[in-house]
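Using the hints, put the two chains back together into the complex; each one sits in its own frame.
Chains as they are written, first to last, in the working numbering: chain A, 1 to 135; chain B, 1 to 497.
Heads up, a few of these hints could be off.
[What the hints assert, rightly or not] Straight-line distance between alpha carbons at most 30 Å, and here's what the computed DSSO-like set of lysine-lysine pairs gives: (1) B/Lys391 - A/Lys82; (2) A/Lys65 - A/Lys115; (3) A/Lys115 - B/Lys250.
[Unchecked claim] Interface residues of chain B toward chain A, partial, derived using beta-carbon atoms under 7 Å: (4) Tyr262; (5) Ser335; (6) Leu337; (7) Leu340.
[As the list claims (entries may be wrong)] For each label pair, taking beta carbons as the anchor points, the in silico distance ranges come out as: (8) A/Asp30 - B/Ser107: 22 to 30 Å; (9) B/Lys330 - A/Glu113: 26 to 34 Å; (10) A/Gly74 - B/Asp401: 16 to 24 Å; (11) B/Lys34 - A/Glu110: 21 to 29 Å.
Please keep in mind that the hints were generated in silico from the structure rather than gathered at the bench. Even glycine gets a Cβ: it sits at the ideal position worked out from N, Cα and C.
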Amino acid sequence: MTIINVTLPFGLISKVNDYSTIINEILKYDIIFNILKFSTSSSGINLLLDIPEEEIATITESLKKNNIIVNKKGRITIDLEKCIDCGACVSLCPTDALSMGGVEENNQLEFIEDKCIGCLLCIDSCPRHAIEENK
Amino acid sequence: MTKIGVNLTKSYAEINEKIKNGDVVVVTAEEMIKIVEEKGIKVAAEEIDVVTTGTFGPMCSSGAFLNFGHSDPPIKFEHLWLNDVHAYHGNAAVDCYIGVTRLADKSPFMYGGGHVIEDLVSGKPIKLRGVSSTTDCYPLGEIDTEFTIDDLNQAILCNPRNAYQRYACAVNSTDKTIYTYMGKLLPNFGNGHFSGAGSLNPICNDPDYEIIGIGTRIFLGGGIGYVIGEGTQHNPTKRYGTLFLKGDLKQMTPEYLRGVHYEKYGTSMFCGVGIPIPILNEGLARKTAIKNDDIITEVIDYGVPRRDKPILKQTNYKELYSGSLEINGKKVKCSSLSSLFYARKIANELKKWIQEGMFFLNPPAERLPTDTIFKPMKVTAELKFVKDLKKEAIICYEDCDIKVVAEKIIKQNMNHIIITNREKLLVGIVTSFDITKAIAEDKNELKDIITKKVITTMDNDPIEIAARKMKINNISALPVIDDNNKVVGIISSEELM
Ligand code: SF4
Ligand code: SF4
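Only chain B is shown next, with the shape it has when bound in the complex (with noise of 0.2 Å):
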């Protein structure tokens, strides 16, 4: 760890009183970069006061607390809603927490909480519903009104995971598009996506959280906030930190809180986050002259839908920010999730605000951990694979007659039958049916009937992903097959049940 008071070269007092003077020198984290690299790191760190970092993304760990004050007779409620929005209420009677991910009841994915937040900072009118099931002391059972920001005693933006100190990019290595939290992804590593502001990125430029702690004054949301601690999942050995903020939404814009959707996945909501970086030392100079190329990340296959997905490369900002990158020798397309015009723009706003005496900086009121990990969820189930749960497959070979096929689904009390050519390599799947279409229709060769494009899954697949394909493909069994593509088994909805 980093002593602060190593090099001091200026005091939080020392810049806060330039600022009171207007002779404070502020610069963008992009602008240092600059600085650094004409005059050295001492000049730098002599000439500069303090460099303003930015950030602009979907941040879905985000929400707000509000509070109504009582009706007359009161309520305590039980469920409420916000424009159909259900908020969580587990707190005192009027109080509740509006998350940025819930979707609206009625029309799910196109409305959630990011655009209750976004609706109400632009101060329009928002529904509200409550229930209760009523006590002695709170009557009435329940409500339907209407208001604004305005008519909140408190509105609270309270987020427990902002501002990511970096990303991975996103990309898929199955056939189909996959509809993620990192966006639409094209199959065959068709584009990727990435987030994050590289070298604006507020962590990036205190990446030993010298000033970045409990109570840090930053900009959020378009007005001030504070860092009341690190985020959740926070994980600073791995460079994945995370913060923790709070501010008033009374105060914010809703340019810099919007509502997002991604399709097939849901709502989220943009956060603008700034954090002035004091330039207290020469260390800190330094750091803050991050560039893109020095912020190394990795290309993920969400093609795997499990916790460890596979690393496919490293990668830097730079290279992201290119516009491509290449993957098993081909060109892949990649684009950022979060607006780096924004995340600029907010690296300004905070540097004029500063510049024009309306900001002031502190020291944290405790520093941040360094050194905590990120542990996976203790889960008391044992995951189940496909191998434990599959049975064997009924087996034709695609010369076979039909009347054999069927014979076979009659003896063996089997709905799906698997064809395969005489290596045991998958060809098809025939079903019941399909063999009774098969006799309506007259048909006798089997190639006629079967079904060529099969969904198929594997040994090490957990069965809740064989699951899942089997939903969303509307279909009853899965062949197993190994990397050959050769026929090991079969896994039907019976056997999930």
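So here's chain A without its partners, still in its complex pose (with noise of 0.2 Å):
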């Protein structure tokens, strides 16, 4: 199973049921997939959804059809003057894109933009206010 993170931007809501679409669109396919987290930011409604990995290429596809957002990018920035790479922030990742390496590497924070799926999970876990969610 691959998390992804979509998002259906507040333009497309009409009704408190709308992120049903997102549902639906997956609901076509079949499949066992679950809903880790659902929750609104400024950008729309966001459902955290864990889906078997051979799925993703065409559900992701489906659900850009109908202008939903899919694991948007560039959603946080790391202010590394603050960061004091403790790792608070790399067991909140559903991805590998926080990480501080095994013990025998470096242990300096290590963020994978390209790995990001934006789901916002690290944001309050950090204890110096180093990620910022960009605007």
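Spelled out as structure tokens, the structure:
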């Protein structure tokens, strides 16, 4: 299973239940998936979904066709001046976008933007307020 | 207890002589592991003079004593604030203690005592506001001023509990994200947090307190500090030893004293501590070669807000540093709250100080206790549980008519009606407000007005825990259920009054 972060932009929402657009789109494929998190943010309604690896490509494409944003990149910035390389954010990240390397490694925080799915779970875990949501 | 002096291979004086001559051999606790592996304990004990340790993590029991000198006319503080953070004043006129977890009055949770200390050490100006009820000798009633660390007579970091020997790994079994002093914990074992520095941790390298004692000179916050006793809650028998530390804040650097804030918990401060272990005998060579695999600790469920939290399994720092552990067959991502990067930096910095002849070692003036335990708080009020205060729940079945529910609310004078199936298993809850609303909106079906996501409690929950659930969810009653989701009563805010 792989985690994806999907956003239904506010522009497309007229009723509260509109988030079901996302679910209905996925239900078409008759697969087992988990909803890990439901939230609203400045950009729209967010769902964090756990989906079988082999279906990712099809589902991503199908969601995108409906103007649903999948794994929005560039949502966070890490201020390395503030960061103290503690690692508190690392375990929150559902992908490996945030890591410290193994014990043998340098153990400084590494952020791989390409792996970030923009779920924002890490933001309020940072004791130095070093992770910010890009506005 | 290990006797000092057995198999003595070196003395403090000999080691200090080598430091003076510049030929002392110093390694970090991580490097020592490899040396002992390659050369064996005997050779390592002969060749290595000092092993340095380090740790850098949130240490809530930290703070600083400050002395401002006198104003003219003089003031005896009754209350004082540093950058809007209330400092403790219960000493002489112009002494105070600023504790790291104290939150700023106006922007709590963003700024606290730990940030004040970081700003102070950074040389930034700090706002001081003080008030006094005035005396004949201290006539000034109020003061508003600004100072930097250079304006203070003394600034002494004084931490009653630092450098815990080990930490448990915290996880969360509940279905909600919780915010704790062990950080943000995702529901259903979504992640885990631990702290400490594993094989670099000072006490782990001297578990019998042979060299760490009262008066031991150490690295503290980038300057020099001292161990002044065992820390509060020192619990060596359970391998939860702690240290009481002090040092001159004026010599310290902000790199190793960092104010932090944990969401919905509060503020604290990362404090850098490093202790040198002189290799006086073979026993110390063996002990300082401790590996992460040898440091056993537990995985604990922080979803249970009680003093004694369930232990889920044993683990060790090797597994914790691997980035994930297994709980109930599920792979759970875990990460440290304290910084291994900085712990290493501290051990290396201290190593450099010793190699360059800037830091000498001294034997402790007194040894620390090795047999104390950590007792729970003596609470005189008897702990009350939900089962002691719950009432009988007024129950309606899910297929019941709204009118019947309304009648029951009036007849029993109850605000909450619990909806169950025929087996008394919880289905939902309906309040008198829901009924009023249903009538106003002309709804007749119970199923349209039921609240299905119900916050519940259990017989053996202490009432304070039930009360907090009501408070954070802004509700006034909780159905009491058993392990099988069967309704066994109700508890409302009235009973808790
Ligand atoms: S927003 Fe944070 S937690 Fe989410 S994927 Fe990106 S880095 Fe990881
Ligand atoms: S939690 Fe914040 S300070 Fe700690 S490693 Fe992550 S970004 Fe850095």
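Verification of the hints:
no.	hint	in the structure
1	B/Lys391 - A/Lys82	violated (52 Å)
2	A/Lys65 - A/Lys115	holds (22 Å)
3	A/Lys115 - B/Lys250	violated (43 Å)
4	Tyr262	holds (5 Å)
5	Ser335	holds (4 Å)
6	Leu337	holds (5 Å)
7	Leu340	holds (4 Å)
8	A/Asp30 - B/Ser107: 22 to 30 Å	violated (51 Å)
9	B/Lys330 - A/Glu113: 26 to 34 Å	holds (28 Å)
10	A/Gly74 - B/Asp401: 16 to 24 Å	violated (55 Å)
11	B/Lys34 - A/Glu110: 21 to 29 Å	holds (25 Å)
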